[in-house]
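From first to last, the protein sequence lines are chains A and B.
Anchor point for the first sequence: position 68 equals 68 in my numbering, and the numbering is continuous, going up by one each time.
Anchor point for the second sequence: position 39 equals 39 in my numbering, and the numbering is continuous, going up by one each time.
Since the hints were made in silico from the structure, they are not lab data.
Take the hints with a grain of salt, since some may be wrong.
Simulated crosslink set (DSSO-like; lysine-lysine; CA at most 27 Å straight-line) [claimed, not checked]:
(1) B/K101 <-> A/K56
(2) B/K71 <-> A/K52
(3) B/K57 <-> B/K14
(4) B/K71 <-> B/K9
(5) A/K77 <-> B/K101
(6) B/K57 <-> B/K9
(7) B/K101 <-> B/K14
(8) A/K104 <-> A/K68
(9) A/K68 <-> A/K56
(10) A/K104 <-> B/K71
(11) A/K56 <-> A/K77
(12) A/K68 <-> A/K52
(13) B/K57 <-> A/K104
(14) B/K101 <-> A/K60
(15) B/K71 <-> B/K14
(16) A/K77 <-> A/K104
(17) A/K104 <-> A/K52
(18) A/K104 <-> A/K60
(19) B/K101 <-> A/K68
(20) B/K9 <-> A/K104
(21) A/K77 <-> A/K52
Simulated coverage check for chain A against chain B, where a stretch passes if three residues somewhere in it have a Cβ under 8 Å from a Cβ of chain B [unchecked claim]:
(22) 42-55
(23) 102-110
Over the 10 Å line for every Cβ pair with chain A, so calculated as not near, a few chain B residues [unchecked claim]:
(24) L69
(25) S80
(26) S106
(27) V112
Please read all numbers here as calculations on a predicted model, not as lab measurements.
Quick reminder that beta carbons are idealized off the backbone N, C-alpha and C, glycines included.
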Amino acid sequence: GNSVTQMEGPVTLSEEAFLTINCTYTATGYPSLFWYVQYPGEGLQLLLKATKADDKGSNKGFEATYRKETTSFHLEKGSVQVSDSAVYFCALSSYGNNRLAFGKGNQVVVIP
Amino acid sequence: NAGVTQTPKFQVLKTGQSMTLQCAQDMNHNSMYWYRQDPGMGLRLIYYSASEGTTDKGEVPNGYNVSRLNKREFSLRLESAAPSQTSVYFCASSNSFINEKLFFGSGTQLSVL
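With these hints in hand, go ahead and build the complete structure from the sequences.
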């Protein structure tokens with residue numbers, strides 16, 4: 001079945017540091033890949049997505065590239081701000097599979 | 001724009017009590033979902049409704065029932081609450097069932113004592 005694996009543990013970093021959150025997936029067929037972000041006290045909202053291999057999704061300075069050869073969709077941002085503190089979820093969906101599979105999420109804390 | 005509205009935001013129940021979580025969306029979306037979020041577990045799908053008039057089980061449906069009242073509203077009912085149902089519940093909607101952006105409500109924090 002479809003599944004998403006995110007790196008373990010929270011991520012704490014200083015303002016203006018480089019952020020990477022790893023995401024790998026297992027899926028049948030050709031999934032679409034997503035990153036969702038959850039700010040404190042709020043529901044999830046879509047950050048970016050990619051629908052086919054080699055596509056790059058980007059939004060608000062975040063980027064992720066759909067790598068079929070390594071089954072990965074790592075999230076990156078070159079210079080984080082305190083306002084980027086949130087929980088980030090990787091997710092996938094695939095045609096014929098009626099469930100959006102989420103990873104466990106990573107708490108990101110940016111310190112001034 | 002209201003988007004997806006959930007009520008209540010907080011609720012405390014005693015074991016064995018029942019309650020209904022309400023969800024409504026004003027985006028004319030066809031599909032609606034109920035998730036629960038638990039620490040270290042991510043989001044798990046409880047039930048979904050691909051279109052008005054249909055509902056199906058997700059990963060963790062036991063102890064829950066749902067009703068797709070109309071295109072706008074999708075409620076989640078706990079008939080006899082248990083401490084294991086302490087969680088944060090999110091309703092979501094999307095325009096189509098697959099490969100589409102989900103819009104989430106702000107969640108209901110439920111504690112069962």
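Query - Violations among the numbered hints - result: The structure breaks hints 2, 7, 10, 15 and 26; every other hint is satisfied.
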